[in-house]
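J.: Spelled out from the first residue to the last, the chains are:
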Amino acid sequence: MEKEQKEFYERLEAKGVSRRGFMKYCTFLTATMGLSSSFVPKVADVFAAPKQRPPVVWLHLGECTGCSEALLRSSYPFPDDLVLETLSIEYHETLMAAAGHQAEENLQTAIKKYNGKFICVVEGAIATAHDGAYGKIGGQTFLEIAKDVCPKAAAVICLGTCSSYGGIQAAKPNPGGYKGVGDALGIKTVNIPGCPPNPVNFVGTVVNYLLLGKLPAIDGKGRPNFAYGKTIHDQCPRRSHFENDEFVTEFGSEEAAMGYCLYKVGCRGPETFNNCPVAKFNDGTSWPVEAGHPCIGCSEPNFWDTMTPFFEEM
Amino acid sequence: MGKRITIDPITRIEGHLRIEVEVEGGKVKNAWSSAQMFRGIEMILKGRDPRDAPLFTQRSCGVCTYVHYLASVRAVEAAIGVKIPDNARIIRNLLHGAQFQHDHIVHFYHLHALDWVDIVSALKADPAKTAALSDNVSNAPWGGAAYFKQVQQRLQTFVDSGQLGPINNAYWGHSAYKLPPEANLMASAHYIEALRLQAKAARLHAIFGAKNPHLQSLVAGGVTSVRDLTPDRIAEFLHIWKVTQDFVKNVYVPDLLAVASFYKDWGGIGGTTNFLAWGDLPQSDKEPESLFLPRGLIMKRDLKGIKMADQEKVTEDVLRAWYEDGAAKHPFKGETKPQHGDYKPDDGKYSWSKAPRYEGEPCEVGPLARVLVAYAKGKEQFKTVVDSVLKQLDIPVTALFSTLGRTAARGIETLVIGNEMEGWIMELVENVKKGDTKTYQSWTMPDKGMGYGLNDVARGALGHWIEIENKKIKNYQYVVPSTWNLGPRCEKGKLSPVEEALIGTPIADPKRPIEVLRTVHSFDPCIACGVHVIDPDSNEVYKVRAT
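Chains as they are written, first to last, in this note's numbering: chain A, 1 to 314; chain B, 315 to 861.
Watch out, some of these pointers could steer you wrong.
[Unchecked claim] A few chain B residues that don't get close to chain A, going by computed Cβ distances all over 10 Å:
1. I481
2. A549
3. K658
4. P760
[Claimed, not checked] Using C-beta positions, here's what the derived DEER-type ranges look like:
5. R19/A / T544/B: 31 to 37 Å
6. D245/A / K360/B: 55 to 61 Å
7. T306/A / G339/B: 54 to 60 Å
8. D283/A / K748/B: 28 to 34 Å
9. G582/B / Q235/A: 54 to 60 Å
10. K492/B / E105/A: 25 to 31 Å
11. T306/A / K492/B: 53 to 59 Å
12. E243/A / K563/B: 49 to 55 Å
13. N225/A / K360/B: 51 to 57 Å
14. E250/A / E638/B: 42 to 48 Å
15. A460/B / S253/A: 54 to 60 Å
Don't read these hints as lab results, they were simulated from the structure.
This one's a predicted model, so the numbers in the text were calculated from it and none came from an experiment.
Heads up, the beta-carbon is just placed ideally off N, CA and C, and yes, glycines get one too.
Modelling step: build the complete structure from the supplied sequences, incorporating the hints.
T.: Structure representation (structure tokens):
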């Protein structure tokens with residue numbers, strides 16, 4: 001264990017990440033997850049030296065691959081750390097080298113070998129109209145695949161609004177009869193919604209699982225409280241402008257340049273539960289309101305219907 | 315009749331694609347490309363607020379994020395008749411340039427490289443010799459025997475763990491892999507470096523676009539990120555642009571040339587016939603004259619006979635796709651209804667993708683089409699790099715019509731577009747210096763309007779068409795790169811570019827058809843984008859205003 005840890009820190013340093021920087025990240029993650037500071041070294045252990053990397057089966061259904069891409073933007077841990085040292089990605093269509101029947105064989109082998117023990121991550125919604133005819137992989141419908149794989153998992157994590165609640169393809173009139181995984185299969189899932197979600201919320205959920213052996217506490221919509229417990233509005237740096245009646249009423253205006261509240265151009269922050277203002281995206285570079293664009297409520301169920309038209313005041 | 319091979323799923327792409335080939339005498343004799351998913355975003359757009367269309371259509375694809383956002387906002391702007399300010403044009407080009415850099419790096423290393431690079435062979439490499447090779451072919455900032463030894467050890471630890479995950483059950487050790495172990499180790503190391511680099515490069519999108527994937531700062535009329543026009547934000551952009559472009563110059567392009575030098579026979583495999591580029595990256599509000607990536611059409615590989623491309627000559631055909639039958643029609647005349655059915659490649663319908671044609675002919679779109687068009691037009695920035703690549707690989711210009719040419723073109727344009735970006739950043743600086751921070755032009759929504767935007771994005775020519783009535787979307791359509799490249803046959807029985815490209819491909823081992831993957835991946839398929847449906851109710855030809 002000690003040797004492995006030493007090697008881990010050497011690797012980190014070779015990548016220009018100091019041990020201190022790494023511990024800072026673990027502290028951030030621990031705080032994001034709402035755990036006490038005594039967990040910081042344990043969080044570090046999860047990345048440093050797992051005995052056996054937990055197997056992950058990643059399904060791509062009706063989706064755009066944006067959620068996988070979002071996770072690849074993670075830099076703490078780096079995506080290569082996640083793939084090579086933290087998790088064992090048994091099946092992931094975008095990353096895996098194998099194709100065709102060899103790829104499908106990997107899936108079948110993994111769900112047999114790790115029956116009841118793997119984490120199933122689902123990206124994308126399930127087409128249910130016409131017996132699922134609108135989406136197939138290797139001749140099987142999304143519905144058949146999900147019915148086969150999900151019940152065998154130790155936990156099903158829905159990454160993104162599509163697998164959580166149906167997403168864009170489920171917007172009216174929902175031509176393919178697309179549904180979220182929990183809805184389509186009638187099972188409990190942990191949902192990390194967002195279009196796409198912030199990778200830190202996925203990493204936080206997985207670390208929680210690896211560290212405590214259980215999934216994080218969730219709300220009535222299946223979302224981890226640590227990430228989705230407060231509204232965007234309650235955490236927004238522009239909140240004082242809202243309180244002071246200082247609003248942007250048109251893009252390109254003086255008020256927009258001054259960074260006033262975007263409520264009147266359609267911001268859905270008051271009814272959207274997520275940690276975007278705190279976690280921000282792409283290493284804390286920005287988030288929609290910082291870029292002057294109203295929140296579109298992309299982590300709420302059915303937001304494509306309930307939050308539109310996006311640019312009208314709620 | 316030869317032996318049929320089906321590869322489903324094609325992995326290391328976006329979306330769900332099935333490829334079937336018939337092999338006879340060790341070569342592909344026939345091929346079928348089948349998109350396996352249907353979502354219907356165009357149907358979903360009907361009746362909605364036109365301002366929302368860019369946010370919806372961006373979700374066509376999270377790998378080619380941003381591009382539908384851009385194409386859609388341009389189509390909406392054409393329909394409402396608004397001209398965006400210069401700063402908005404520059405910021406959109408910078409975001410678009412960053413997308414080319416990011417997307418092509420990820421494609422080369424993470425989606426395509428493992429068709430040419432045998433990771434398992436890398437375990438046998440001599441780290442010292444790898445260091446020497448690396449010093450010889452690239453200017454990578456990492457190297458030395460210790461570095462390669464560490465990478466090799468890391469891979470060895472991974473393999474020894476017995477949990478092979480994403481590298482399990484692939485075609486390792488296949489006779490078609492030609493790189494020596496040292497080149498395999500160098501490329502594997504750079505696969506990992508590129509994985510980290512792309513996370514950083516994506517920050518270019520977040521600076522002026524809030525986040526990546528799925529940016530959120532474009533609106534009809536301009537961009538919203540006016541508060542990011544500050545010296546520190548622009549400097550941050552300049553810095554990450556430089557880190558990314560240094561990678562392109564010092565690692566990506568040298569790796570591409572090093573790997574290509576072992577696979578020159580692929581300069582004679584996987585070619586197609588016709589090439590279409592709408593062009594993109596406007597340098598002023600004049601189109602197509604000011605497009606940095608020029609618009610053009612090359613038929614029958616005749617570079618000298620290059621023509622201007624005209625969107626009115628595009629039709630889409632559904633005879634072999636899972637939609638109700640109808641004659642091939644211009645996108646504005648679309649009359650399509652989804653009709654799921656059995657997979658019948660021989661004589662029936664076999665894909666959710668439609669078959670776009672230009673004057674009835676299939677056309678390849680994407681990096682190769684763009685590079686050929688720019689080269690044929692004598693565009694200096696492209697000509698210099700293309701000629702240098704041909705010289706270094708010692709291959710004739712005709713070798714560009716191939717899988718090798720397609721993959722090389724992707725690297726060539728990344729270098730050329732990336733180089734231009736610095737000038738655009740400086741243009742933005744000059745505007746800000748003059749006190750011009752205008753990023754948005756106001757407008758009012760007309761009751762009626764029609765418009766389209768022609769674009770060229772990482773995977774190829776992309777068009778969005780919109781019709782507005784009663785301030786709502788009456789009709790919305792897009793014809794995307796992967797529909798052009800990876801669609802099915804058309805009513806005249808003409809093969810799509812990928813189907814044509816696969817014919818003649820040598821197959822050493824039908825159980826492990828790595829050669830098929832090489833050509834399919836060289837098109838960088840994106841199937842979520844490629845499958846959509848056209849409004850069933852509109853059946854008139856309209857006069858529209860172009861952006």
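J.: Which constraints among the numbered hints does this structure fail? Numbers only, ascending.
T.: 1, 6 and 13
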